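Starting from the known structure of chain A, fit chain B onto it as the hints suggest.
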Amino acid sequence: MKATCWMGRNTVEVENVPDPKILDDRDAIVRVTSTAICGSDLHLVDGYVPTMKRGDIMGHEFMGEIVEKGGGVTNLNVGDRVVVPFPISCGGCWSCQNGLFSLCENSNPNARLAEKMFGFPTAGIFGYSHLTGGFAGGQAEYVRVPFADVGPIKIENGISDESVLFLSDILPTGYMGAEFCEIKGGEVIAVWGAGPVGQFAAASAQMLGAERVILIDRFHYRLRIARENLGVETLDYETVDSVPEALKELTGGRGPDACIDAVGLEAHYHGPAYAYDRVKQAMRLESERPFALREAIMSCRNGGIISVIGVYGGLVDKFPIGAVMNRGLTIKSGQCHVQRYMRPLLERILNGEIEPTFIVTHKLPLSEATRGYDIFKNKKEDCLKVVLKP
Amino acid sequence: MTVQVRARDKDSLARFLGWFSLGLGATQLAAPRALCKLVGADGGGSVPTLMRLMGVREVTQGMGILVRPRPTAWVWSRVAGDALDLSLLAITAAKNRRARTAFAIANVIAVTIPDVYESRFLTRTKGPLRSGELVRKAVTVNRPRSDVEQAWAAAADLRRKVDEAGGTARFAEAPGKRGTELIVEFEHDPPAGDLGAAVQNLTGKDLATQLSDDLRRLKQQLETGQVVRSDSTPSGHLLADHLSQRAARPLEEALR
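Chains as they are written, first to last, in numbering that gives the first Met the number 0: chain A, 0 to 389; chain B, 0 to 255.
The shape of chain B in the complex, shown without the other chains:
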């Protein structure tokens, strides 16, 4: 079998530029005066308002890049934004002649280069849009294939979850008589692109996260007859609970 790697149109550079826009824009909106100071502009009059407007522009571009599967126009809009930023900074430099403005210009140029590169790259990308990516979660269970198939058949909730996501499950003999591999694959294509994926990830609601819990628990059931629990994880392995655990000491009577 050939290992399938399904590449998305949006590579890591485009995603980086999207998050960069979002981060910079949020800062411009939240602290316009501090940023004016940073680039050597006067913080009075309508200048902070202009900084805020530029912030709105950056946030819009960032969301556009992150949400669209092939954000060619949005990355080009970053190039246009860079040109606008550079001309505003040139006016500031002519007026105030501060070293900080020169430093800001250098920084904008530094990001203009990847902007132009990525815009040209996306413009050359042809063919149908590829927005989703193939996610594969696999576990090896030290049991004969028939046992694992039976357990899978019995795990109705888990199967429904995979079905609803249009996913597939398959089984394979693990090499070297190490039991059975259970492989679940699905196409991950959240409605709001990378932005949606990030939100799902943060809440632990995405299928990939849930599957990493579910498959681990299925393996535990098959190999040990139970879901393993400790004093700080009374419900067993749950990724969403990893960061908010109770102390490792016996449970109070009420919690058992």
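Bound conformation, chain A alone:
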């Protein structure tokens, strides 16, 4: 079969690889009908996530049809159309049973490696380095899905792939980011990053009752998509001297009630501070460039919430812990517990509360994955989200 493979830093190629087979009783093989490139895939391509191996199949956002299943998968049948969540979760451990699916205690066969890096291991993830288990990803014609009886959600009616594909990661991730903000109605929420996750976080904040949502980025086409489709306020950070100052004045001197970081470790910035972090990152003295996170902390109102859904992998420098402690901020974060949100969000899609297709700017055949990565990474052709069709 054809699959999108990581062939080294900044090199993604479509290769011929063996077809996957059932290895365990609770596996299923899914024939992929749609798969997407995620912003976090770019962290792998750019070489900021360690433990990638040449030849690893990428991709953790995918859906398709069950073509084979093991005897332990009783809730799905061959021929079922399913969306597969990106965390692999066993359903039997304490974490899974308490809804912490991305922290599954059993699904990462490289748990010890993750333990050394993070203190405790996290769940296995499709196509996302060996730190998360070394599972082959979904930007391929076929995928082996372990614990298929727990994760995949069946799509019963004729709704389009693009409407439900993002249930695999970015829609629940954006939603969880908004849910972290404890919105009760009337809040002002600021979101850093108008990429797909930031767009969905902004949409979810509105859906949950925020009164104002301010989306921050520098790419005008992304801000325009948000204004036109969601009606949120936007801020081009390159037009202001200081984002925290600008937000303070935009919110009557209070600051946003909650700040969502949907940017993560490869943030951009203008000014000398960018050079400082860029150099330290290049020398591997820190692994992240946490501008969005620092700004979110400095901008948030006293006693507010910082919601971190952008991906971080290691250590940051100049972290304003003094602001967090003295101003009583709460930081909430995590890889999304997708399984927890798939069904309720599918309901919201079906009854028209949210239409996730507005972010799709490019549909390409899988064979053009290399070009897909290039235009998504380099923001060419006004690219916001690439869907690949095997």
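To be clear, the hints were calculated from the coordinates, so they are not data collected in a lab.
Pairs of lysine-lysine residues, derived as DSBU-like cross-links and limited to a Cα-Cα distance of at most 30 Å, are as follows:
| id | chain 1 | residue 1 | chain 2 | residue 2 |
| --- | --- | --- | --- | --- |
| 1 | A | 379 | A | 52 |
| 2 | A | 247 | A | 317 |
| 3 | B | 176 | A | 115 |
| 4 | B | 204 | A | 52 |
| 5 | B | 160 | A | 115 |
| 6 | A | 331 | A | 247 |
| 7 | A | 115 | B | 204 |
| 8 | A | 331 | B | 176 |
| 9 | A | 376 | A | 279 |
| 10 | A | 376 | A | 317 |
| 11 | A | 1 | A | 378 |
These numbers were taken from a predicted model, which means no experiment stands behind them.
Using the frame of chain A, we list chain B on its own:
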């Protein structure tokens, strides 16, 4: 229950000094001329041979410290070695008057201080020798105690491994109805002390490493009914294989 922490006689400073001796000595043996240059000595004649002899001395002291449970005499021998180094460097300084020699003297003094401190500390340490340390590996399984006990009883290889090491296994209810804790404890006292432990660690053959695999796999079996495998880990969680994995893509037919 009181949490038992069994302290060893040999603290981390002694171990550091042991590894330091071993590292410095190996460098002296491997590159005597470069080191002569570094301390401002002439690299000709019998000087490199003298440097090599000092290297043999350092390596011997390092191994002595790492192998012995309470290496009092060996750490004192480092103090004597420091005195010897300082007098040799003083002769070099008088002869060549180079700044590098002064820098080398400063470095030797910097390590003489912890040498003297640790020697005095070990001299004051009394009582029976304590060479081993208590290693504890524990896992919480989200299953009733009877299930975990049954699985333990069935895991003959694992039990034999623990028995042979003189280890014990016990069970406890996890707080908050989170299942059952399985706790394995054993005394870790490898024949060649810290040196032996390091060798075992590197080869992944030590019991602690094996237990971290075995207990994880036991938990997986009980909670999911299988040992979890990915495309790059066809045998499941094995610590020794972490650094030499195949790519995350489906296995070729021959390897299945």
